[in-house]
Amino acid sequence: MSNPELRQRPRLAVIKFTSCDGCQLSILNLEDDLLALGQALDIAYFPEASSAMNAGPYDIALVEGSITTAEDAHRILNVRQQAKVLITIGACATAGGIQALRNWGDIEAFKQAVYPRPDYIQSLSTSTPISEHVHVDFELWGCPIEKGQLLRVITDLVGDVQLHLPADSVCLECKRRGNVCVVVAKGMPCLGPVTRTGCGAICPAMGRDCYGCFGPSEGARKGPGLPPNTASLARHFHEGLHLIPVEVLRRFRGINGAVDPFRNESTVWENKG
Amino acid sequence: MTSGMRGALPRGDLQRLLDALSAKGYRIVGPTVRDGAVVWETVRSVSDLPVGWRDHQEPGRYRLEQTGSQEVFGVVHGPQSLKQFVFAPREPLVQIERSKDGFSARPTLPQPEKVAVIGARACDLAGLATQDQIFLNGAYRDPYYAARREGLFLVAVNCTRALNTCFCASMETGPRAKHGFDLALTELEDQLLIEAGSEAGCDLLSNLCLSRGSEQLSAEVATRVDACAQSQVRRLDHSRLPQALYDAHEHPRWDEVASRCLACTNCTMVCPTCFCHTVEETPDLSYQHTTHARLWDSCFTQEHGYIHGKNIRPTIKDRYRMWLTHKLASWIDQFGASGCVGCGRCITWCPVGIDLTEELPALLSPGIQPSIVRQRVDGM
Numbered sequence: 007m008s009n010p011e012l013r014q015r016p017r018l019a020v021i022k023f024t025s026c027d028g029c030q031l032s033i034l035n036l037e038d039d040l041l042a043l044g045q046a047l048d049i050a051y052f053p054e055a056s057s058a059m060n061a062g063p064y065d066i067a068l069v070e071g072s073i074t075t076a077e078d079a080h081r082i083l084n085v086r087q088q089a090k091v092l093i094t095i096g097a098c099a100t101a102g103g104i105q106a107l108r109n110w111g112d113i114e115a116f117k118q119a120v121y122p123r124p125d126y127i128q129s130l131s132t133s134t135p136i137s138e139h140v141h142v143d144f145e146l147w148g149c150p151i152e153k154g155q156l157l158r159v160i161t162d163l164v165g166d167v168q169l170h171l172p173a174d175s176v177c178l179e180c181k182r183r184g185n186v187c188v189v190v191a192k193g194m195p196c197l198g199p200v201t202r203t204g205c206g207a208i209c210p211a212m213g214r215d216c217y218g219c220f221g222p223s224e225g226a227r228k229g230p231g232l233p234p235n236t237a238s239l240a241r242h243f244h245e246g247l248h249l250i251p252v253e254v255l256r257r258f259r260g261i262n263g264a265v266d267p268f269r270n271e272s273t274v275w276e277n278k279g
Numbered sequence: 005m006t007s008g009m010r011g012a013l014p015r016g017d018l019q020r021l022l023d024a025l026s027a028k029g030y031r032i033v034g035p036t037v038r039d040g041a042v043v044w045e046t047v048r049s050v051s052d053l054p055v056g057w058r059d060h061q062e063p064g065r066y067r068l069e070q071t072g073s074q075e076v077f078g079v080v081h082g083p084q085s086l087k088q089f090v091f092a093p094r095e096p097l098v099q100i101e102r103s104k105d106g107f108s109a110r111p112t113l114p115q116p117e118k119v120a121v122i123g124a125r126a127c128d129l130a131g132l133a134t135q136d137q138i139f140l141n142g143a144y145r146d147p148y149y150a151a152r153r154e155g156l157f158l159v160a161v162n163c164t165r166a167l168n169t170c171f172c173a174s175m176e177t178g179p180r181a182k183h184g185f186d187l188a189l190t191e192l193e194d195q196l197l198i199e200a201g202s203e204a205g206c207d208l209l210s211n212l213c214l215s216r217g218s219e220q221l222s223a224e225v226a227t228r229v230d231a232c233a234q235s236q237v238r239r240l241d242h243s244r245l246p247q248a249l250y251d252a253h254e255h256p257r258w259d260e261v262a263s264r265c266l267a268c269t270n271c272t273m274v275c276p277t278c279f280c281h282t283v284e285e286t287p288d289l290s291y292q293h294t295t296h297a298r299l300w301d302s303c304f305t306q307e308h309g310y311i312h313g314k315n316i317r318p319t320i321k322d323r324y325r326m327w328l329t330h331k332l333a334s335w336i337d338q339f340g341a342s343g344c345v346g347c348g349r350c351i352t353w354c355p356v357g358i359d360l361t362e363e364l365p366a367l368l369s370p371g372i373q374p375s376i377v378r379q380r381v382d383g384m
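For the protein sequence lines, the chains are Z and U, in the order given. Each residue of the first sequence is one higher than the last, beginning at 7 in the numbering used here. Each residue of the second sequence is one higher than the last, beginning at 5 in the numbering used here.
No lab work stands behind these hints: they were computed from the structure. There's no promise every hint is true.
[Claimed, not checked] Restricting the straight-line Cα-Cα distance to at most 30 Å, the calculated cross-link-like pairs of lysine-lysine (BS3-like) are:
# : chain 1 : residue 1 : chain 2 : residue 2
1 : U       : 182       : U       : 118
2 : Z       : 90        : U       : 314
3 : U       : 28        : U       : 104
4 : U       : 321       : Z       : 192
5 : Z       : 192       : Z       : 90
6 : Z       : 278       : Z       : 153
7 : Z       : 278       : U       : 321
8 : Z       : 90        : Z       : 153
9 : Z       : 192       : Z       : 117
[Stated by the list, open to error] Covered stretches of chain Z (chain U as the covering partner; in silico rule of three or more C-beta atoms under 8 Å from a C-beta of chain U):
#  : region
10 : 93-103
11 : 115-121
12 : 169-179
Since the structure is predicted, the reported quantities are computational estimates derived from the model, not experimental observations. We treat Cβ as the ideally placed atom computed from N, Cα and C, and that holds for glycine.
Whenever a hint applies, use it, and build me the whole structure from the sequences.
Written out as structure tokens, the structure reads:
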């Protein structure tokens, strides 16, 4: 086990692609732990926090945002070359984000409808996760990420411990914290049974249904094993809770709609509508 | 000495019981209405209890209804059993500090606390007895569990109304609380018959100076509880267990139920007897200090099936089969009794309403022979 005092502090870069910056703000929201983080790491490049922007290479690159422009697609290759460990932070970088809804739309029509000079806009017709462009070492899900999970991943990197976060359903955490199930007691179309834990089950704790911002639970693209049973939950939304097919589609086609099995489930219900 | 001691308390005087428990230094926990269900919370007065409320439960559905009556214990139960009071959902076990010449570890035993739980049902007591068997009575007594268990005073309520999902009568655990309680109440129209089940219960009951309930009152209680048992619409025929379920290991019904099961873990979380747990480290950034904690876990998670680089239960079918077979069959070999107490929580709190009283008969009835299925697939 290496002694942190004897080692050079790992160099950290925080790099943004197409995103709202909320996940970077989660880093700044670490409050007291931010000081400890600053001591454990050399924060070399973090434009959201500091104008001192030092060149790579970096030991750890935290990447926020999805790839939506040709320039993004080129820049991520450089980031990968500069980073020993590349970790995506948040739904955009990990799954394409809410902006991946464009993948089902007509980007040219959007440009015509929104901008006075659409010819100025240079945008790809899709929003894609970082992992579709370069090798990703670890993914932090969530919109935004949960700061405890972020801190845990950095702690384990600094401590030379294998990275691991639970990928169970939100339901497990709901029961541990004593939330009443909103599907059973209120008939709400909660995505908790097929959504990855990590948020602390905050929406059901507030009497709201989970909308899947942490993405599919275990068995998702980067996780081990088989995907969660979205088909059964979707069937229950329709037959038990009386959502019409387009409403079922919208449950799954949200912040993480571009990753399977959410993507596939929304397509199934699109075809029923 | 302890058995048979009883008294009648006018329903309007129930506060006296709460006050007597408070005077003995107990924090009182009882059912309260929150977020559309009853959950255990600290209560101070009878008005904190779900007066006039009733619960309606069916597979995948739970609803409360206010009837306007003065009934205090009209709600049979919510998602929570007694498990959380003894087997905490998240229990820090050890604090570990790194030092120059190694490390030191300090156990974090919970502070002893006297807690009186009012409103436990017979099925809950049966579930607690199972937890005791696992954590307390075996070769490895769990000191964290023991510290919490030690301070519990249990006020049971005999059921006079069965839910659509109840089947305790067929599991022979209820609806009457037979043992494992300090006091047991039965609520009638205007009176509560209170029976003592322990020395501590006798002590408290004698402090209340109640009139001894009449034989007629006791007979009325017996009639009500029997009627409750008779009214149960679900039952679980366990006469052929455990062997019949072992024989059904390759039954096609497992595939069918797996197509519905979400593997969300809800059934195991609400089950009064499920005791699986995992441990978690929470180190600080300098890796000089870590908290080692125990968390509720479930055999329905992917990770629970991992051993030495291999997942022995990769599919939902594997996990549902493992859970039901353990609960209803191998539990008998392991602990000498069924792991099911008939509370019906796993039926109600399954988001898609999977019902083990329906699954078991389906699994024990002849299905398509798996060898024929295999041949058919091979022939395609």
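Status of each hint after checking the structure:
{"no.": "1", "hint": "182(U) / 118(U)", "verdict": "23 Å, holds"}
{"no.": "2", "hint": "90(Z) / 314(U)", "verdict": "28 Å, holds"}
{"no.": "3", "hint": "28(U) / 104(U)", "verdict": "48 Å, violated"}
{"no.": "4", "hint": "321(U) / 192(Z)", "verdict": "28 Å, holds"}
{"no.": "5", "hint": "192(Z) / 90(Z)", "verdict": "47 Å, violated"}
{"no.": "6", "hint": "278(Z) / 153(Z)", "verdict": "39 Å, violated"}
{"no.": "7", "hint": "278(Z) / 321(U)", "verdict": "27 Å, holds"}
{"no.": "8", "hint": "90(Z) / 153(Z)", "verdict": "22 Å, holds"}
{"no.": "9", "hint": "192(Z) / 117(Z)", "verdict": "41 Å, violated"}
{"no.": "10", "hint": "93-103", "verdict": "violated (count 0)"}
{"no.": "11", "hint": "115-121", "verdict": "violated (count 0)"}
{"no.": "12", "hint": "169-179", "verdict": "holds (count 6)"}
In this structure, the earlier hints numbered 3, 5, 6, 9, 10 and 11 are contradicted, and the remaining ones agree with it.
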